[in-house]
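Engineer: Modelling step: build the complete structure from the supplied sequences, incorporating the hints.
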Amino acid sequence: MLRWIWNNLGSMVLALTLAIAVWVVATYEENPSVKGLFPEPIPIEVINKPEGMILWPEISEEVRVTIRAPRSSWENLSPNKFRAVIDLSGLTAGVHEVPVQVECLDRAVKILEKKPDKIGIRLEERREKEVAVRVEIMDNPPLGYAARTPMAIPPTVKVSGPASMVDQVAEVVAQLYLRDARETVKRSVALSARNDTGEPVGWVEIEPAEVQVQVPIEPTPGFKDVAVRVIWEGQVAPGYRIGNVSVSPSIVTIVGSPSAIEKIPGYLETAPIDISNAREDVVERVPLNLPEGVTVLGEQGVLVEIKVTAIESSLTVHRKLTIQGLSPGLWATPSPDTVDVILSGPLPKLDALKPEDVRVVLDLFELEPGTHKVKPDIIAPEGLKVESVLPSTIEVEISVVPPTPTPTPVATETPTPTPALPAPTPTATPTPAPLPQCPNPKARLTYPTVDAVLTGVVRIRGSAAIANFAYYKLEVRAEGAPEWSLLQRFEEPVAQGVLAVWDTSSLSPGAYWLRLVVVDTTGNYPEPCQVRVIIK
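For what it's worth, the numbering used here labels the leading residue of the sequence shown as 1, then goes sequentially.
One should not assume that every hint holds.
As the list claims (entries may be wrong) - Within a straight-line C-alpha distance of at most 27 Å, the following computed DSSO-like cross-link-like pairs (lysine-lysine) qualify:
#1 224 with 320
#2 224 with 110
#3 536 with 473
#4 385 with 375
#5 536 with 375
#6 49 with 118
#7 114 with 81
#8 536 with 320
#9 110 with 129
#10 307 with 349
#11 354 with 385
#12 35 with 81
#13 81 with 115
#14 49 with 81
#15 114 with 158
#16 349 with 373
#17 115 with 35
#18 536 with 385
#19 114 with 35
Derived from the structure by calculation, the hints contain no laboratory data.
A quick note: this is a predicted structure, and the numbers were derived from the prediction, not measured.
Structural biologist: Here it is in structure tokens:
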């Protein structure tokens, strides 16, 4: 057996070599090696920095690499599979060029080229020292006040960094703005390192980065801050009250002899302001009553605003219902037919309110015969709020013909013939109000009807939903007038329902024409639907 192996060893080695070669060729064809630039930069990491040294400026560069790798490796490569470093071990203070080293976790990847190949760095000895803090006041206190010597806590701080930069630091400055302070200022302030000429020094750390600064602010003799007290005379109009009083400025600085200043109690009064029968805000600039020998710094007067508001109250009015929107040929019997409306608002408006100023409307549009629960709509003057309506819903019986009273026979004790009861007076069935003649059912008015008598706020009903709808508008003109006036315009179609709410109270009594124009997206429109109405 050994002899056979020995005699055929050459053939076996040749066969193995050929098999490996075939496998390599097949593998390469299936997963060929590809050369290219890796698309993402790789951040550079610093390692082995000598103790007591500072690298500055800090390295923020990245390296780009050209690699060769199998196609399958390319598909799985990401920046976190690479590591790029510069090794500073054994370096001394000074400027150096350090090679960039890049390796990949995937051993099938070969690094062919790096850009940059080397990086210039600067190493310096790390140094620190104690430096005094100087407080720099950036503005002045207001007139009549003086800033005393500021104090920083702590008074010194530690500055550290590259030796060449730390050596330039001559002081650490805390800049503080007083911002018209009239009493001692206590504030935390950030610090800045400065050189001999007052220029900022960079690349150093200050510890702590902030200090507590305290600056005493004291009044100057002969000056004093006092409040302003507003004086007024008279009374506002009945039903009104004073809501608020404001004055600007509310504090003024006065100057005078120390003896005169000491006699002032801490406030100054304004000249009297007359508010007799005021019904609106009173705004006046008035002088101050100053003692002899005392003056005011700046403006000699103050601006006073006295807010005058109406006293709020409430009122209950008893009103009958107004039926609206009932279809022709129908009768409505509401129960109850009156409601109590509780209103709130300014007392003068409530005092001037007349019962007829409040309308209670029961909208019965499209309701069919039967019993219904309907919430009344309240129309009240502007400025008044409807707090509640009692009852809040009305039961309405809608019938085709009006109810006829049933005659009641009268009983007698004697055989005297009972006089015949008068026959009930026949009630004529109401004639349905004619609807407007509108050729297009999708551009029509259903209410108001022809020659309908309108008062106050009216709901206009109908349809505005033609094909390719763009918008619809309602126009009105007095009878005999040549021009139409735009009432309202809407961008949403209405298949059937309320088209608009129209307040007719702004029009003079008389006959008017109301028309509906529905426009499509091309700007065309069917024949407008119009109706004659009477405004009362």
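Engineer: Each hint should be assessed against the structure and marked as holding or not.
Structural biologist: The hints, checked one at a time:
1. Between residue 224 and residue 320 the CA atoms are separated by roughly 68 Å; this puts the pair beyond 27 Å, and the hint is violated.
2. Taking the CA atoms of residue 224 and residue 110, the gap is near 83 Å; set against the 27 Å cutoff, the hint is violated.
3. Annotation: proposed proximity of residue 536 to residue 473 holds, straight-line Cα distance about 24 Å (limit 27 Å).
4. Restraint check for residue 385 and residue 375: satisfied, since their Cα atoms lie roughly 17 Å apart, inside the 27 Å limit.
5. Restraint check for residue 536 and residue 375: satisfied, since their Cα atoms lie roughly 25 Å apart, inside the 27 Å limit.
6. Between the alpha carbons of residue 49 and residue 118 the distance comes to roughly 17 Å, so the proposed pair stays at or under 27 Å and holds.
7. Taken as a hint, the residue 114 and residue 81 pair is honoured in the structure, with Cα atoms around 16 Å apart against an allowance of 27 Å.
8. For the proposed pair residue 536 and residue 320, the alpha carbon gap of about 18 Å is at most 27 Å, so the pair holds.
9. Using a Cα cut-off of 27 Å, the hinted pair residue 110 and residue 129 is violated, with the two alpha carbons roughly 49 Å apart.
10. Taking the CA atoms of residue 307 and residue 349, the gap is about 18 Å. The hint holds against a cut of 27 Å.
11. For a cut-off of 27 Å, the pair hint linking residue 354 to residue 385 stands: about 15 Å separates their Cα positions.
12. At most 27 Å may separate the alpha-carbon atoms for a hinted pair to count; residue 35 and residue 81 meet this at roughly 17 Å.
13. Distance hint between residue 81 and residue 115 is fulfilled; the C-alpha atoms sit about 18 Å from each other, no more than 27 Å.
14. Between residue 49 and residue 81, the direct Cα distance comes to roughly 24 Å. Compliance with the 27 Å bound is thereby established for this hinted pair.
15. This hinted pair does not check out: residue 114 and residue 158 have alpha carbons roughly 42 Å apart, beyond 27 Å.
16. Between residue 349 and residue 373 the alpha-carbon distance is near 32 Å, which puts this suggested pair outside the 27 Å criterion.
17. Between residue 115 and residue 35 the CA atoms are separated by roughly 16 Å; this keeps the pair inside 27 Å, and the hint holds.
18. Straight-line distance between C-alpha atoms of residue 536 and residue 385 comes to about 25 Å, which keeps the hinted pair within the 27 Å bound.
19. Of the pairs offered as hints, the one joining residue 114 and residue 35 holds, with about 14 Å between alpha carbons and a cut-off of 27 Å not exceeded.
Of the numbered hints given earlier, the model fails hints 1, 2, 9, 15, 16; all others are met.
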